[in-house]
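Listed here are the chains, written in short residue letters.
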Amino acid sequence: MSEHEKTGFADIDNLHHKRDIARQGGGPEKIKRQHDRGKLTARERLDLLFDKDTFCEVGILGAEDVEKPDADGVIAGYGKINGRYAGLVSYDYTVKGGSMGEVGEIKATRIREIALKSRFPMIWIMDSGGARIDAKTGFGASDDTDRVALFAYTGHLFKEEALMSGVIPLVGAMMGPGFAGTAYIPGLSDFVPMVKDKSFMGLAGPALVKEVIGEDISENDLGGSKVHCEVSGVGDLEVEDDAACIQAIKDYLSFFPANCDQKPPRQDYRGDPTALIDDKILEIIPEHTRQAYNMHRVIKMIADDGIFFEIKPKWGKNMITGFGRVGGYPLGIIANNPMSYGGVIDINASDKATRFIWTCDAFNIPLLFLSDVPGFMIGSMAEKSGIIRHGAKLIHAVAEATVPKFTIIVRKSYGAGYYAMCGKAFDPDLIVAWPKGEISVMGAEGMVSIFGKKMLAAAPEEERANIAAGMTEMIKPLLNVKMAAAKAYIDDVIDPRETRRVLFKALEFTKDKKIFRHPRKHGVYPV
Amino acid sequence: MAVEVLSPITGNVWKIVKLVGDEVEEYETIMIMESMKMEIPVESPQNGKIKELRVKEGDSVIEEDIVVILE
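Those sequence lines, one after another, are chains A and B. Using the working numbering, count along the first sequence one by one with no gaps and you end on 579. Using the working numbering, count along the second sequence one by one with no gaps and you end on 72.
Because the hints were derived from the structure by calculation, they are not lab data. There could be a bad hint or two in this list.
[Claimed, not checked] Restraint-style ranges between C-beta atoms, simulated for each label pair:
no., chain 1, residue 1, chain 2, residue 2, range
1, A, Glu292, B, Glu29, 26 to 32 Å
2, B, Val18, A, Arg572, 53 to 59 Å
3, B, Lys57, A, Gly135, 51 to 57 Å
4, A, Ala517, B, Val18, 26 to 32 Å
5, B, Val18, A, Glu560, 40 to 46 Å
[Unchecked claim] Taking lysine-lysine and the DSS-like style, the derived pairs with C-alpha atoms no more than 30 Å apart in a straight line are:
no., chain 1, residue 1, chain 2, residue 2
6, B, Lys38, A, Lys332
7, B, Lys19, A, Lys332
8, A, Lys369, A, Lys278
9, B, Lys38, A, Lys352
10, B, Lys16, A, Lys332
11, B, Lys57, A, Lys369
12, B, Lys19, A, Lys369
13, B, Lys38, A, Lys488
14, B, Lys38, A, Lys528
15, A, Lys366, B, Lys38
16, A, Lys352, B, Lys19
17, A, Lys506, B, Lys38
18, A, Lys369, B, Lys16
19, B, Lys50, A, Lys352
20, A, Lys366, B, Lys50
21, A, Lys528, B, Lys16
What you are looking at is a predicted structure, and each value in this text was computed from that prediction instead of being measured. Just so you know, even glycine gets a beta-carbon here, dropped at the ideal spot from N, CA and C.
The task is simple: from the sequences and hints, build the whole structure.
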């Protein structure tokens, strides 16, 4: 007789036993296969994600068969990440391929609701074969025909995820496959890290693609990490392995508050944020505007300890977006990248910056714009791909953002590019320029080609180039930021070494910034 | 250990600034590419010595082509 029988809790040992079984997921063989694929199991992942002993699981006894606990292919719960709560739904590939079944989705729903009500971030770890079709808890026909109709009552998860957006941070980490329904989970998330060559997403997998449109393509070429982090822009960051992916989730969330009503957490910063930046910052910007330079280096010299957490580093490279801190205060940084197409803003750059602004604005993260922009992309290709609506989207986002906005004209800032990088009219709380900065409707050469057209046409052909060059030299000084500063259109021209000092003070004085807008449901967003 | 330096852009090699055997510092320009009317430096990702130049002036390269090997 077990000692618990005396207390009337005879089943208690069985309960522990069932939990233990559930914790073993698909069993040793499947776990070995998971490891052989270079992947961690769902439980190993959550051990890395959460602070020790803080994970609280929900629905561990959920299963297709009450006698065979397996958590129904998804682990659900909440725990602390660096001391702050977050919810987790982690698909377990070792159990029924991590497929989405009825019980698993009841668990997932439970955590979504808890995260939203308690207002802490929600994380999905995707390693799933998609909707379960053929089992008792699935959505397909086998012996139970009612299960087909069940599909008509699904889809809440996507609706809920859309409505959670902007209330709490949403992370959709791709650590395995995620085809069909499971691809919309990351699609609706704020941040989508992808494990290199191990994660895939697509609205249909290779088999269905082959069947429906006759395209023969591998999983990797269809929706691998390279496709989504370099071509489609659906992925935010390609990471080397599972451990790096978990670290990326933690690093990302460290810049965020738990919900939209909170301020982002300030980290301890030991140094003096008002100290001058090293003289080396003066060597970065070349003399001629045609010469590119490393904007990442500028960002790293501005950010605390040179730490910059970049979002979408390999997509839309002409626009750099990511998080850093100044004096411990989180900051969303948007910078033009002269190394890539001269930093011109094209459709992808517009998409990338807009989404980043929306994310930061939703969670009260101040924005820093580092401007060196020749303008928006022009030409028939750009027009046909809708540069006007994409550009309008970016302008919409910059105008609408109510978080503290700081603009630094690093070098040139021309045309609508100046507006999109938070020019004066877009209410930056600070707008300063480095001494080589230029603000103008266009570059000096472009201006000469328009207003000097008649004069150039009248001159002998062999002299035109010289005359144009002379005119350009004459106009160039008028573009310099000292002219805008003399009119007090911008706040100041600063020594680049003062940049951190200036930003730190701006972060302090804008702490309680509040903006009121005309009441409306929402803008009519150009997309 | 050999370190590969990649071209940041698709374009032409306009000017090679450093030669095989030269010491370079992190962020120092090794060569300059020309693309979209911009001069784009290929910078050293770390301190090192140039072991091999994979391109010559006038060559066209594709983004992420290996252009230099450091040691």
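Compare the structure with the hints numbered earlier in the document and write down the numbers of the violated ones, lowest to highest. No numbers; nothing is violated.
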